[in-house]
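Taking the hints into account, I'd like the entire structure generated from these sequences.
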Amino acid sequence: MPRRLLSLLLPAATGALFLALWYAVYFSLSADNRFLLPTPGEVWSALRDNRTVLFRATLNTAEGALLGFGLSACVSFVLALGLSLSSLVRVSLYPYLMILQMTPVIVFAPVLVLWVGPGVKSVTVITFLICFFPVVVNTTQGLVSTDRNLVDLFRMYKASRWQEVFLLRVPAAAPYFFTGMRIAAVLAPIGALVGDYTAGSSGGDGGGLGFQTIIYSSQAQYAALFATAAVTCLLGFVFVMAVLALSWLALHKWHDSFERSDV
Amino acid sequence: MAVPPLVEFRDVAKRYGNGPTVLQGISFAAQPGDFIALIGPSGCGKSTLLRLIAGLSPVSGGTATVEGAPPENAPPDLAFIFQEPTLLPWLTAAKNVEVPLRLRRAPTATRTRACRDALTLVGLAGRERAYPRQLSGGQKMRVSIARALSLAPKILLLDEPFGALDEITREHLNEELLAIRQQQGWTAFFVTHSVAEAVFLSNRLFVFAANPGRLHGEIRIDLPYPRTAETRLSHAYQERVAEISRLLRSIENT
Numbered sequence: 001m002p003r004r005l006l007s008l009l010l011p012a013a014t015g016a017l018f019l020a021l022w023y024a025v026y027f028s029l030s031a032d033n034r035f036l037l038p039t040p041g042e043v044w045s046a047l048r049d050n051r052t053v054l055f056r057a058t059l060n061t062a063e064g065a066l067l068g069f070g071l072s073a074c075v076s077f078v079l080a081l082g083l084s085l086s087s088l089v090r091v092s093l094y095p096y097l098m099i100l101q102m103t104p105v106i107v108f109a110p111v112l113v114l115w116v117g118p119g120v121k122s123v124t125v126i127t128f129l130i131c132f133f134p135v136v137v138n139t140t141q142g143l144v145s146t147d148r149n150l151v152d153l154f155r156m157y158k159a160s161r162w163q164e165v166f167l168l169r170v171p172a173a174a175p176y177f178f179t180g181m182r183i184a185a186v187l188a189p190i191g192a193l194v195g196d197y198t199a200g201s202s203g204g205d206g207g208g209l210g211f212q213t214i215i216y217s218s219q220a221q222y223a224a225l226f227a228t229a230a231v232t233c234l235l236g237f238v239f240v241m242a243v244l245a246l247s248w249l250a251l252h253k254w255h256d257s258f259e260r261s262d263v
Numbered sequence: 001m002a003v004p005p006l007v008e009f010r011d012v013a014k015r016y017g018n019g020p021t022v023l024q025g026i027s028f029a030a031q032p033g034d035f036i037a038l039i040g041p042s043g044c045g046k047s048t049l050l051r052l053i054a055g056l057s058p059v060s061g062g063t064a065t066v067e068g069a070p071p072e073n074a075p076p077d078l079a080f081i082f083q084e085p086t087l088l089p090w091l092t093a094a095k096n097v098e099v100p101l102r103l104r105r106a107p108t109a110t111r112t113r114a115c116r117d118a119l120t121l122v123g124l125a126g127r128e129r130a131y132p133r134q135l136s137g138g139q140k141m142r143v144s145i146a147r148a149l150s151l152a153p154k155i156l157l158l159d160e161p162f163g164a165l166d167e168i169t170r171e172h173l174n175e176e177l178l179a180i181r182q183q184q185g186w187t188a189f190f191v192t193h194s195v196a197e198a199v200f201l202s203n204r205l206f207v208f209a210a211n212p213g214r215l216h217g218e219i220r221i222d223l224p225y226p227r228t229a230e231t232r233l234s235h236a237y238q239e240r241v242a243e244i245s246r247l248l249r250s251i252e253n254t
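First to last, the sequence lines map onto chains A and B.
Residue numbers are given in my numbering: position 176 of the first sequence equals residue 176, and the series is strictly consecutive.
Residue numbers are given in my numbering: position 50 of the second sequence equals residue 50, and the series is strictly consecutive.
Because the hints were derived from the structure by calculation, they are not lab data.
The C-beta atom is built at its ideal place from N, Cα and C for all residues, glycine as well.
Hints may be right or wrong, so weigh each one.
[As the list claims (entries may be wrong)] Just some of the chain B residues that point at chain A, by a computed CB distance under 7 Å:
| no. | residue |
| --- | --- |
| 1 | A54 |
| 2 | F80 |
| 3 | E84 |
| 4 | P100 |
| 5 | Y225 |
| 6 | A236 |
| 7 | Y237 |
In structure tokens:
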């Protein structure tokens, strides 16, 4: 029990220490410069004052993030299945997947807007481009690293290619898929915000958190900027928690990462 | 009135690609009901021989037949028990046992019945819904055996199945295996490093030598079946074990 108490108290203490440091830095600034660093209290009131705008913007960004994230999960799964079929396919496609991942997506934002239209469509595509890589790589890794003995077992019993993939390789790759999804869940809200920042503003729906970022910074509303960051962060938590919940549902009965001590 | 051999090898050789010869000049004929133990130093190709019988890998020379056909085309009357339990961790014990039947698209009723019978046979009735990680090493091996038996195979290939288990569990499983064999009557090929286990189980014992892997000789174990825990205490059994241990040492030293 004391250990459990500690695991609650320690993070709270770290948080308090952090807030104290924040105020310390604030008060060490000369009065003229204090506008550069809003205090936690100011961030909180900015959050309250802008709650209607921020709420709508969060919904817009969440929509783009969710669509892009979902799209990347589906596309990545199919792509990983293809990549896992043969090492020749992997060799031919991997360099280009890498290039796509290395390419700063924002550079293409202006043309993306022309290709797919502004607002949520562009945000979705940008989020997708940022999210899909870790899922593809992890899932492919899982699909090709199935236990050799299990593959032998399936071949022994004359399993069809189809059976081998869907009864063996896919379930065996599930933990890898979820690892990729967890990384993607962190990237999705940030990706959506970046997408919105560059391509979301003219969608006619009032824009998302990226658009608010532009507005707040142009108006030097630094406390509101911090509030926007906090909301985005919260959105990221929601995404990660959702993925964790899904992976718990899919894996807790059998996977060692959810080992309970009472079994 | 000779019964046609169930498995027959004539001068079989095996090498992987351009690698060294793993097996050379292997000839034998296994009759229905034989329990053949394969024993010999590491790297003598015992496990490879099982893979050849199973049709998991083609022979490089000579001819091998299983029920009169090449192993790749043999009727699916063959089951393999690996060194590891080789269970699918995301399936319950019962679902694991059903895997081979599911791969053959057997109807659900058949599957359920075969699965229940097989689990009862290995003494795991009541553990159907347990996942592999909830089972002990011995229980996992039992599930693996039940999975092989669910097919009512004619030929059972066992690749050191009890090597990772403790002595007591291993002896229990040996006794159970023989008891099950009385009910099902398959022909077994059993790879092991344990002379005691080989003598206890088999009626024929193939002794292998390494570099290249070849059949050094065959020993008939004429201890009467059924063999039980009592058998291990008998003078005849212990004498056989000592004799074969000496033989193995002499092979390994040459």
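- [ ] Mind listing which of the numbered hints don't hold for this structure, in increasing order?
- [x] 5, 6 and 7
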